[in-house]
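Undergrad: Heads up: the protein sequence lines correspond to chains Z, D and W, in order. If you use this note's numbering, the first sequence corresponds to residues 324 to 478, in order. If you use this note's numbering, the second sequence corresponds to residues 7 to 266, in order. If you use this note's numbering, the third sequence corresponds to residues 5 to 345, in order.
Everything labelled a hint here was simulated from the structure, so no lab data went into it. Possibly wrong hints are sitting among the right ones.
Unchecked claim - Once the Cα atoms are required to be at most 25 angstroms apart in a straight line, the calculated DMTMM-like pairs of lysine to aspartate or glutamate come out as: (1) Z/LYS326 <-> W/ASP190; (2) Z/LYS326 <-> W/ASP214; (3) W/LYS127 <-> D/GLU24; (4) D/LYS198 <-> Z/GLU362; (5) D/LYS198 <-> Z/GLU393; (6) W/LYS127 <-> D/ASP144; (7) W/LYS152 <-> D/GLU24; (8) W/LYS152 <-> D/ASP229; (9) W/LYS127 <-> W/ASP101; (10) Z/LYS377 <-> D/GLU202; (11) W/LYS127 <-> D/ASP229; (12) D/LYS198 <-> Z/ASP411; (13) D/LYS198 <-> Z/GLU433; (14) Z/LYS377 <-> D/ASP200; (15) Z/LYS326 <-> W/ASP174.
Given the structure is predicted, the values throughout are model-derived calculations rather than measurements.
Each chain, letter by letter, is given below.
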Amino acid sequence: MDKRHQIEVMVGAFMAVGILALFFLAMSVSNLNLNASTEGYRLTARFSNAGSLKVRAPVTMAGVRIGRVEAVGFDKATYEAIVTLRIDAGIDTIPDDTFANIFTAGLLGEQYVGLEPGGSQDYLHDGGQITNTQSALILEQMIGQFLFKKAGESG
Amino acid sequence: MRLNALARLGCTGLDALERLGRAHLLFVRSVLGIGEILRRPRLLWAQIFNVGVLSLLIVGISGLFVGMVLGLQGYYVLAQFGAEQSLGVMVATSLVRELGPVVTALLVAGRAGSSLTAEIGLMKATEQLSALEMMAVDPVRRILTPRLFGGILAMPLLAAIFSAVGVLGGYFVGVGLLGVDDGAFWSQMQAKVDFEEDILNGLIKSLAFGVIVTWVALFQGYDSVPTAAGVSSATTRSVVHAALIVLGVDFVLTALMFGG
Amino acid sequence: MQMAGNVHAWRLDAPLSPPQNGQLSPLPSNRTPERRNHDGTGRMDGEITPTLLQNTQSDVPVSGSHTSHAEIVTDAEVLVCVRGLTFRRGSHLIFDDLNLDIRSGSVTAILGQSGSGKTTLLKLITGQLRPDAGTITVAGEDVQQLDKAGLFRLRRRMGMLFQSGALLTDLTVFENVAYPLREHTDLSPSMLRKLVLLKLEAVGLRGARDLLPHELSGGMARRVALARAIALDPLLLLYDEPFTGQDPISMGMLMTLIRQLNDAAGLTSILVSHDVQETASIADLLYVISEGRIIAHGTPAEIAADPSEEVRQFMDGLPDGPMHFHYPAPALQDDLLRGTA
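Please work from the sequences and hints to get the whole structure.
TA: Listed below in structure tokens is the structure:
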């Protein structure tokens, strides 16, 4: 009886440690945010080139993450990329003339959406659209332009 | 002469197919015995103890060392690109996605799988399985089912412990010994390691490996030739087959999960 | 006490035969007092010969709740009936059209050389193997026709003593004997304890209840296994080579036990063995099998007087006879002169 009890206690302890480890992995190691996906509101932005922007990429303002990219779609009529942004619920004062850029974190890093607030007193609401956008910088294009310019100068 | 070789090949092939069939039947019979462990949960606790608790030490220590090695090696590589701050990401991703589930499965195959095979094989050799049958007790339900589910439940928990301890080991080496920035280590890790993509997929992997390792071990024991030599070769086969199948399935699962 | 009622209702209350050598205690019985009254034997201490036992058995009235076993009562003479049994392992023919009957209440021994398929026969009777042809009937039920549940129901009424004892290695002696009771009955812990101790007392090992199987000698392990086999009060006990590898003392103990259990509890015993003398001294009836056939059957005295060469060779242990000492081989001279392997 005693030994049986001991086994049950050990198994209980083992499962507790295992679940604790899982919890640690979920909360401390990964980006699990339990109130992430359904909260907040949606904005869309059209870019002529979305680069390699990925779903769940951060949306930042002044370098602070205020939301995530929810979807990246393609508009077949205008040949533009439609990026849906999910902005955290507390951030409800984004001016309607806000400028959206696709930036790259570091030289080779991941791409994210950076918002620069405008001066308007009217704020964007759920379903609103950001009209001022700047496309992703494509490294190859920049290098190509740079070489072309250099060639023009020296020639 | 040539015809003989052909016949031998055919014979081997048929044998293998037959074994495969028996293995699947045994698996189905073991899974169908789930009512037994619902009626007598104590059987399951005893097996979680055997697979989980008794493997805890080896899994924990291995996790710590693997994490420390990852911290060291990762630092040397990343430092060449000036990206030491990504050390946490590298350590955590490799552990959670691959090393945690795979190495844990290999350790459990060696530690618990082999002992399961030997136990079942010996029970067969000493007629204990027949004795159970004669006492009107189904040995598959009574002996195999609790072991199968014990293994399946213990494996993901062990893998999680392995990964968690590994991350701490990497942290210890990277931040403690090599001077990577503490905040960057964790924040980069949290930004890049995704719960669904990485941790859930890793869990699914280790669940699959739990099925494979215990299934192989139980089948090898149950199907062993009931002699000393038979049981010992079954034990070897159990570890080798489990390891090979785990690595093969890992490739397939990785391709499915992270491929597209 | 569910199980005692269901399983053994048809059977006589266990009369306690006087101990044959005064060493072994009487076998305990699981029956309730009310069952005793019902059977109304009242012969708790009388000596009962097997024939008398059989007569009273068929006299036992079948009461309402036990009608399901009516056929057993009417068929009490023959408990196990094997007809036209054929069994192959691969291309090797192990049994060829084998017929045998086991009378209820008797100790029947099946003798044969090693490898003559004696253990296989037990496995066929208990339904662990399926024959290629023929029928085996145990207690009126056709073993091949039974599904798994039916087979398990039948096996609860059979006990089997394995060659090695086959005790569950991680359980104590007590737990081993308690195992079938825990499995198939809902006895209260105190009742269970009493029953197990009585069963252990019957094999003289009540004092060894806390030992683990690896702490037992071979003979003790076999006696524990015997206590476990009779835990559910079976009507048929099968012994697989009970005497192999036993020292003379435990051999004697086992022989007395087998005979006593059979007579005291009104069991039927089937004993498979190649120990001719020991087996002949306790069996009522012998069957000698060789090469898949029965070559002789009868009482030990009849077999001892059988003039056939095959039987003589086996019973007297002659090295050569119809069964050859040499495994079939080409002539020695040819073999030696051939030169290469």
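Undergrad: Going through the earlier hints one by one, which of them does the structure break, listed in rising order?
TA: none
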